[in-house]
Amino acid sequence: MEDAIYCAPGRIFCKIRKIMVGVDGSEGAARAVTVAFEIAELTKSKVYIVYIVPLPNIKHISVMSDVSEEELLQKYEVNGKKILQGYETASEDFDIQVETVFDRGLASDMLIALAEEIKVDLVVLGSHGGTAVMHSGMGSSTERVVLGAHCPVFVVK
Amino acid sequence: MVDIMEDPLYHEPGRLLSRTKNIMLPIDGSEGSDRAAVVAYEIAELTKSKLHIVHVINTGVVQQVARMSDKDPEDILRHYEENGEKLLQRYKSAALSYGLEVETVLDKGLPSDRITALAASIDVDIIVMGSKGLSSSRKPGLGSSTERVIRRINCAVLVVHVD
Numbered sequence: 001m002e003d004a005i006y007c008a009p010g011r012i013f014c015k016i017r018k019i020m021v022g023v024d025g026s027e028g029a030a031r032a033v034t035v036a037f038e039i040a041e042l043t044k045s046k047v048y049i050v051y052i053v054p055l056p057n058i059k060h061i062s063v064m065s066d067v068s069e070e071e072l073l074q075k076y077e078v079n080g081k082k083i084l085q086g087y088e089t090a091s092e093d094f095d096i097q098v099e100t101v102f103d104r105g106l107a108s109d110m111l112i113a114l115a116e117e118i119k120v121d122l123v124v125l126g127s128h129g130g131t132a133v134m135h136s137g138m139g140s141s142t143e144r145v146v147l148g149a150h151c152p153v154f155v156v157k
Numbered sequence: 001m002v003d004i005m006e007d008p009l010y011h012e013p014g015r016l017l018s019r020t021k022n023i024m025l026p027i028d029g030s031e032g033s034d035r036a037a038v039v040a041y042e043i044a045e046l047t048k049s050k051l052h053i054v055h056v057i058n059t060g061v062v063q064q065v066a067r068m069s070d071k072d073p074e075d076i077l078r079h080y081e082e083n084g085e086k087l088l089q090r091y092k093s094a095a096l097s098y099g100l101e102v103e104t105v106l107d108k109g110l111p112s113d114r115i116t117a118l119a120a121s122i123d124v125d126i127i128v129m130g131s132k133g134l135s136s137s138r139k140p141g142l143g144s145s146t147e148r149v150i151r152r153i154n155c156a157v158l159v160v161h162v163d
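So the protein sequences, as listed, match chains S and P.
Heads up: the first sequence begins at 1 in this note's numbering, then just goes up one per residue.
Heads up: the second sequence begins at 1 in this note's numbering, then just goes up one per residue.
These are calculated hints, taken from the structure and not from any lab test.
Check before you lean on any hint, since a few could be wrong.
Unchecked claim - Calculated cross-link-like contacts (lysine-lysine; reagent style DSS-like; alpha-carbon spacing at most 30 Å):
(1) S:K157 with P:K71
(2) P:K50 with S:K46
(3) S:K15 with P:K92
To be verified - Simulated DEER-style distance windows between Cβ atoms:
(4) S:M64 with P:V61: 42 to 50 Å
(5) S:I118 with P:E103: 20 to 28 Å
(6) P:R19 with S:I118: 43 to 51 Å
None of these values were measured; they are calculated from a predicted model.
All residues carry an ideal CB built from backbone N, CA and C; glycine is no exception.
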């Protein structure tokens with residue numbers, strides 16, 4: 001049976017049922033994941049942990065390193081799945097339900113599209129992912145998601 | 001490239017949200033700040049944090065208004081200060097009705113600069129902002145103050161969209 005909670009108009013936390021967090025194994029992602037887990041516990045929401053294999057990066061690395069795209073793709077896929085598993089294990093410290101999502105593409109585009117598709121109520125992201133420049137305020141993927149997402153975005157520093 | 005292939009950190013030890021003590025709500029009376037306000041009240045309630053409601057008078061705009069209307073900049077500024085104070089009181093009384101601990105700050109300067117500086121001096125944990133303010137373009141994207149604050153600030157930012 002569902003609790004009947006009165007939710008005043010404009011409030012978001014009382015309405016959150018689905019939270020999405022984008023991860024890449026970076027320290028920023030770990031902080032974002034922690035915040036996502038905490039909010040999920042508070043709001044009894046489900047967390048979608050999303051890893052996107054960065055296809056544009058793979059192309060770039062392949063050109064610059066003479067390693068074939070196939071080989072790199074496989075490395076990224078193995079690593080991505082391992083990372084997702086790690087976060088899933090970490091979620092066991094919290095009283096929450098999680099689902100991992102694995103996809104390929106440009107991270108920001110994929111996150112925006114997935115957020116809409118899954119109909120998430122909140123996106124949590126680290127301000128800097130694994131490839132971001134630390135002296136800029138925000139990594140480019142995070143910036144694009146803040147601009148493009150349909151729902152509130154929580155940027156964790 | 002940062003070495004994210006090796007030994008990633010899966011979650012930050014300890015909790016972050018429950019350590020939150022100070023929340024900042026920059027307001028300008030726009031729809032964006034109204035929306036952000038409701039969310040800020042909610043987070044302050046959830047995390048039992050103190051809410052700092054901030055209004056920054058854009059002194060550049062005040063000068064421009066004075067120049068274009070042939071009025072004394074001091075008069076215009078006084079007008080902005082009265083309005084700003086009224087605005088702060090409106091948000092404050094809404095926040096008090098939630099039983100929150102509230103402080104208001106009226107400041108002058110470039111809003112994004114002042115918000116960033118105040119956040120650092122108050123040691124704010126989360127800033128809640130609308131994606132657009134009063135003078136933002138209606139085009140999709142972020143308002144310039146919100147964008148500058150996100151780029152420079154050293155704490156978490158929750159952006160609430162205005163559609």
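Are there hints from earlier that the structure breaks, and if so, what are their numbers?
1, 5 and 6
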